[in-house]
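Knowing the structure of chain D, use the given hints to seat chain S on it.
There are 2 protein chains.
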Amino acid sequence: MTEIPASHRDMLERPLFGHLGTVKPDGAPQVTPVWFVWDGEFLAFTTSTQRRKYHHVVANPNVALSVNDPEQPYRYLEVRGTVERIEPDTDADFFFQLADRYGFEMGRGDLGDAPYRVKILVRPTHTTQQG
Amino acid sequence: MTEIPASHRDMLERPLFGHLGTVKPDGAPQVTPVWFVWDGEFLAFTTSTQRRKYHHVVANPNVALSVNDPEQPYRYLEVRGTVERIEPDTDADFFFQLADRYGFEMGRGDLGDAPYRVKILVRPTHTTQQG
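Protein chains in written order, with my numbering: chain D, 1 to 131; chain S, 1 to 131.
None of these hints come from the bench; they were simulated from the model. Quick caveat: nothing in here was measured; it's all calculated off a predicted structure. One thing to keep in mind: the hints can contain errors.
Since the list gives no way to pick one copy over another, a pair counts as held whenever it fits inside one copy or between any two copies.
[To be verified] When the alpha-carbon atoms are kept at most 20 Å apart in a straight line, the in silico SDA-like pairs for lysine to any residue are as follows:
hint : residue 1 : residue 2
1    : 53        : 75
2    : 24        : 129
3    : 24        : 49
4    : 53        : 27
5    : 24        : 61
6    : 119       : 35
7    : 119       : 104
So here's chain D without its partners, still in its complex pose (with noise of 0.2 Å):
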């Protein structure tokens, strides 16, 4: 299992936007800005099955996120990963425990997609950090 560098920990316990890089079909990148939690063996995200993102990854479940230090822009870590499990979030509780912890405000009955939405758990593999 891979270990987080201690000295980059925080960058994954604050919450600070990740940019998700995910692999297309036809082998070309797709990164878009996440929201994310990390527990300590999994970085979750959520997505919908609705969402490019999703075919992208189980097809091929292979990521990398990164993030860098909005108050030291040149302290980054990038986090690659495996997509280990895709659970159903279809009550939307995980998307309202990320949207709680990035401070967003939107009532449940505002999430058109919630019958779609899904938790996706990806194992670290490598890191790479800076600064």
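For chain S alone, kept in the frame of chain D given last:
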């Protein structure tokens, strides 16, 4: 040619950090923070022929850049594109053009890898944006 939407063009004009996704020869993504500049036709990055990113784009020219707005974090732009040219930057002029753009103070004598520096020019093919 893909137009960058006028609503999000400022995100390429401001010296914001981008997160550049490339694909490794094994099909897994890599994402790292980068400096970039947009000239209306190409997104340009600096790297060196000693870096993994260089070898990735030589083997697979597809890249994606994700930028979010630090003042409005749900506002973002993703630009996907193709590396069209790689130019030598062995005098590091392009490197220091970027360093100036990002307010990074560094003496020319401190850049050890100048002989290996290259300028990577990406032609956008698709954009995705929000906010």
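Consistency of the hints with the structure:
1. Proximity of residue 53 and residue 75 under a CA criterion of 20 Å is satisfied inter-copy only: 18 Å between copies versus 27 Å inside one chain copy.
2. Taking the shortest alpha-carbon separations for residue 24 and residue 129, only the inter-copy value of 18 Å comes in at or below 20 Å, while the best intra-copy value is 25 Å.
3. Within a single copy, residue 24 and residue 49 get their C-alpha atoms as close as 15 Å, which meets the 20 Å cut-off; across copies the closest is 26 Å, which misses it.
4. In the homo-oligomer, the alpha carbons of residue 53 and residue 27 lie at most 20 Å apart both inside one protomer (13 Å) and across protomers (16 Å), since each shortest distance falls under that limit.
5. When the C-alpha separation of residue 24 and residue 61 is checked against a cutoff of 20 Å, the pair qualifies both within a copy, at 11 Å, and between copies, at 14 Å.
6. In this assembly of identical chains, residue 119 and residue 35 lie within 20 Å of each other by CA distance solely inside one copy; the values are 11 Å within and 32 Å between copies.
7. Only within a single protomer do residue 119 and residue 104 lie at most 20 Å apart by alpha-carbon distance; the minimum there is 18 Å, versus 39 Å between protomers.
Hint check: no violations occur; every hint is consistent with the structure.
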